[in-house]
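Participant: What follows is each chain in one-letter form.
Protein chains: 2
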Amino acid sequence: MGKVDPYEVSGDIDYEKLIKQFGVSKMTPGILNKLGTKNLLLKRGAFYAHRDLNKILKGKFAIVSGRGPSAKMHIAHLAMFKAVVDLQKKHGCFVFIPFSDDEKILVKGTDYVKTQEMAIENAKDILALGFDPRKTKIMFDLKHMNQDVYNLAINASSKITLSTVKAVMGFKDSKNIGSFFYPAIQIAHILYPTFKRKIPTVMITAIDQDPFVRLARDVAGRMGLKKPGALTIKFLPGLSGGAKMSSSDPSSALYTDDSDAEIERKIKRAFSGGRETLAEHRKYGGNPDIDASFQYLKFFLEEDDKKLAEIEKRYKSGDLMTGELKKYTISKAKKFFVQHRKNRSKIKIEKYLI
Amino acid sequence: MGKVDPYEVSGDIDYEKLIKQFGVSKMTPGILNKLGTKNLLLKRGAFYAHRDLNKILKGKFAIVSGRGPSAKMHIAHLAMFKAVVDLQKKHGCFVFIPFSDDEKILVKGTDYVKTQEMAIENAKDILALGFDPRKTKIMFDLKHMNQDVYNLAINASSKITLSTVKAVMGFKDSKNIGSFFYPAIQIAHILYPTFKRKIPTVMITAIDQDPFVRLARDVAGRMGLKKPGALTIKFLPGLSGGAKMSSSDPSSALYTDDSDAEIERKIKRAFSGGRETLAEHRKYGGNPDIDASFQYLKFFLEEDDKKLAEIEKRYKSGDLMTGELKKYTISKAKKFFVQHRKNRSKIKIEKYLI
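For the protein sequence lines, the chains are A and B, in the order given. First residue of the first sequence? That's 1358 in our numbering, and the numbers climb one at a time after it. First residue of the second sequence? That's 1358 in our numbering, and the numbers climb one at a time after it.
Just chain A, same shape as in the assembly (with noise of 0.2 Å):
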């Protein structure tokens, strides 16, 4: 299996292993239902494992779904939000969206004021899913760092050890003192909502950050809190038919600013469960499975469930032509952006700040 880590994801994904891997629970029909919205991930299975949801969803609780801003946000990072945000509107949620500029600086090293900029562009494309303003708060590290989050963060990282961080991350002395610091910011940022609000949190992410999770989760007793709980999210495929899209390649995922050629000629060239020839996809069929443009319209674009199932017939049995389902994705892809730039310009992020 390939690697997993809060920095490296890389190599084929083996989620069963994944879930003995990380500690984390399988999902069940039964919190699928509680969660209860017809949000096009959950209810197509891209949420696979979770932490403690038997025992949270039976009461109120907070979810904190953060965001890295290294890059441009493609179709994955948004459909997670919206995600998030079905679940704000069907369980009333109060959701912390903080953005961890100040990892990337320290990680990644990357530019300081790039970095920043990013956060804006990328917390933009966040709001424009429907966040309700009255439950929702979000925070750039570098631009208002909250006084309850750094003192969080002060309390979490005097009852974490080196060693168990070490341990964890699996970084060596020669980083620099931040990487090793930044555990504590992140487990402040989960804890924010359960300390100002005396419910528990539910963090969603896929489980790369989930060493987050479990620190959050050792230290929460002993600074008095309750335990978070985490919903754990598939990497979503790229047009390029790996098992995650990838920030860095450019043509491997449709970007939110990605013009509407753009999005036409990145469908076109994406990865097909199509045959070779004509004659030998009207005869044994595609396979949607690894067609990123079927999975581009499970996971993101089709709502409506009974084409959805129309359409992987069709396609499987043959009836349906690569060059027709790729016309069909482009359609639904340019129609979605068209309307999440409108809503996005709309916009304005100091109703959402802490």
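If you're looking for bench data, these hints aren't it; they were derived computationally from the structure. We put the CB at the ideal spot given by N, CA and C, even for glycine. Watch out, some of these pointers could steer you wrong.
Claimed, not checked - Calculated lysine-lysine pairs in the BS3-like style (CA-CA distance at most 30 Å, straight line):
{"hint": "1", "chain 1": "B", "residue 1": "Lys-1553", "chain 2": "A", "residue 2": "Lys-1471"}
{"hint": "2", "chain 1": "A", "residue 1": "Lys-1705", "chain 2": "B", "residue 2": "Lys-1500"}
{"hint": "3", "chain 1": "B", "residue 1": "Lys-1705", "chain 2": "B", "residue 2": "Lys-1429"}
{"hint": "4", "chain 1": "A", "residue 1": "Lys-1584", "chain 2": "B", "residue 2": "Lys-1465"}
{"hint": "5", "chain 1": "B", "residue 1": "Lys-1523", "chain 2": "A", "residue 2": "Lys-1516"}
{"hint": "6", "chain 1": "B", "residue 1": "Lys-1532", "chain 2": "A", "residue 2": "Lys-1523"}
{"hint": "7", "chain 1": "A", "residue 1": "Lys-1703", "chain 2": "A", "residue 2": "Lys-1689"}
{"hint": "8", "chain 1": "A", "residue 1": "Lys-1400", "chain 2": "A", "residue 2": "Lys-1429"}
{"hint": "9", "chain 1": "B", "residue 1": "Lys-1532", "chain 2": "A", "residue 2": "Lys-1465"}
{"hint": "10", "chain 1": "B", "residue 1": "Lys-1529", "chain 2": "A", "residue 2": "Lys-1529"}
{"hint": "11", "chain 1": "A", "residue 1": "Lys-1689", "chain 2": "A", "residue 2": "Lys-1670"}
Said to hold, decoys possible - Under 8 Å between C-beta atoms, here's a sample of chain A residues computed to sit facing chain B:
{"hint": "12", "residue": "Leu-1463"}
{"hint": "13", "residue": "Leu-1499"}
{"hint": "14", "residue": "Gln-1504"}
{"hint": "15", "residue": "Tyr-1507"}
{"hint": "16", "residue": "Val-1522"}
{"hint": "17", "residue": "Gln-1696"}
On the provided structure of chain A, position chain B as indicated by the hints.
Facilitator: For chain B alone, coordinates are given in the frame of chain A:
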């Protein structure tokens, strides 16, 4: 020689050796002359070393002198801050006084609420010494962490490896991650005035805090900031005859909240340089260099040089008895604290907050 590092000062102190060990420069009459105040500590040799003052005193500079609020303040603490006040008056400097309540929690494991309360009490004592409210800013890290200071800490922490902090501070992997990060916060304190005002900072402190100055000097250039200098004070004598006043042994020092009766009792019991018997004292004279009362007059209480010289001469000759010297010291100390309490009661901390 004893041990001197940021978290332990013990044993006998050899200042010549410390100068070599820490790589600071020996104080010179020329620099003292440029500092140019009639402050007791400055004119009576309490500042024995420096970094870069030859260069820095040629232009504008700011002063940083912080306080780790783990205990009540005694008269030696006040005396050092009084030197800062006098330097501010002479040079019109901006002075920044950070209270590292966070460090106390990280390194000493002190109680969160008590540490913050102590910080406020300490701040009142310090500000009562006469700082100019227009040119003085204080900050309690756990109460109003300033965004610029936080960002400077993140920036500094991205440029210092764990190996470096281990070498400088001598910490092991069993220490908490906050302790390893804390030097970045202290560096941020030191560099904050330079960041805001583009002028160098002089850190005024005892040599045990010099490792932070050295780290700040190491990274300042890479952060695009001028290197800080330092003005280094001796460990001031306690009442029990040790080289340093001890904050953990209450009878070894005069505290700002000591009653008149306590002041009298403590000085009466203080270590004396007098002889065993009256007759011997008359015959051989006393030793002012090891006499706590005389040292108190010299560094804290007797402004008048002629008067001090006369007392020294009379004590050495056996003309002045220990009882008389103590009586005089008690009257000076009581007078000092009466005035201090009066000044302290008028302090409004809000006027000085960053």
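Participant: Hint by hint, say whether it matches the structure.
Facilitator: Structure-based check of all given hints:
{"no.": "1", "hint": "B/Lys-1553 with A/Lys-1471", "in the structure": "holds (21 Å)"}
{"no.": "2", "hint": "A/Lys-1705 with B/Lys-1500", "in the structure": "holds (29 Å)"}
{"no.": "3", "hint": "B/Lys-1705 with B/Lys-1429", "in the structure": "holds (19 Å)"}
{"no.": "4", "hint": "A/Lys-1584 with B/Lys-1465", "in the structure": "holds (26 Å)"}
{"no.": "5", "hint": "B/Lys-1523 with A/Lys-1516", "in the structure": "holds (19 Å)"}
{"no.": "6", "hint": "B/Lys-1532 with A/Lys-1523", "in the structure": "holds (12 Å)"}
{"no.": "7", "hint": "A/Lys-1703 with A/Lys-1689", "in the structure": "holds (22 Å)"}
{"no.": "8", "hint": "A/Lys-1400 with A/Lys-1429", "in the structure": "holds (27 Å)"}
{"no.": "9", "hint": "B/Lys-1532 with A/Lys-1465", "in the structure": "holds (25 Å)"}
{"no.": "10", "hint": "B/Lys-1529 with A/Lys-1529", "in the structure": "holds (14 Å)"}
{"no.": "11", "hint": "A/Lys-1689 with A/Lys-1670", "in the structure": "holds (19 Å)"}
{"no.": "12", "hint": "Leu-1463", "in the structure": "holds (5 Å)"}
{"no.": "13", "hint": "Leu-1499", "in the structure": "holds (5 Å)"}
{"no.": "14", "hint": "Gln-1504", "in the structure": "holds (6 Å)"}
{"no.": "15", "hint": "Tyr-1507", "in the structure": "holds (5 Å)"}
{"no.": "16", "hint": "Val-1522", "in the structure": "holds (5 Å)"}
{"no.": "17", "hint": "Gln-1696", "in the structure": "violated (35 Å)"}
This entry does not satisfy hint 17, going by the numbered hints stated previously; all others are met.
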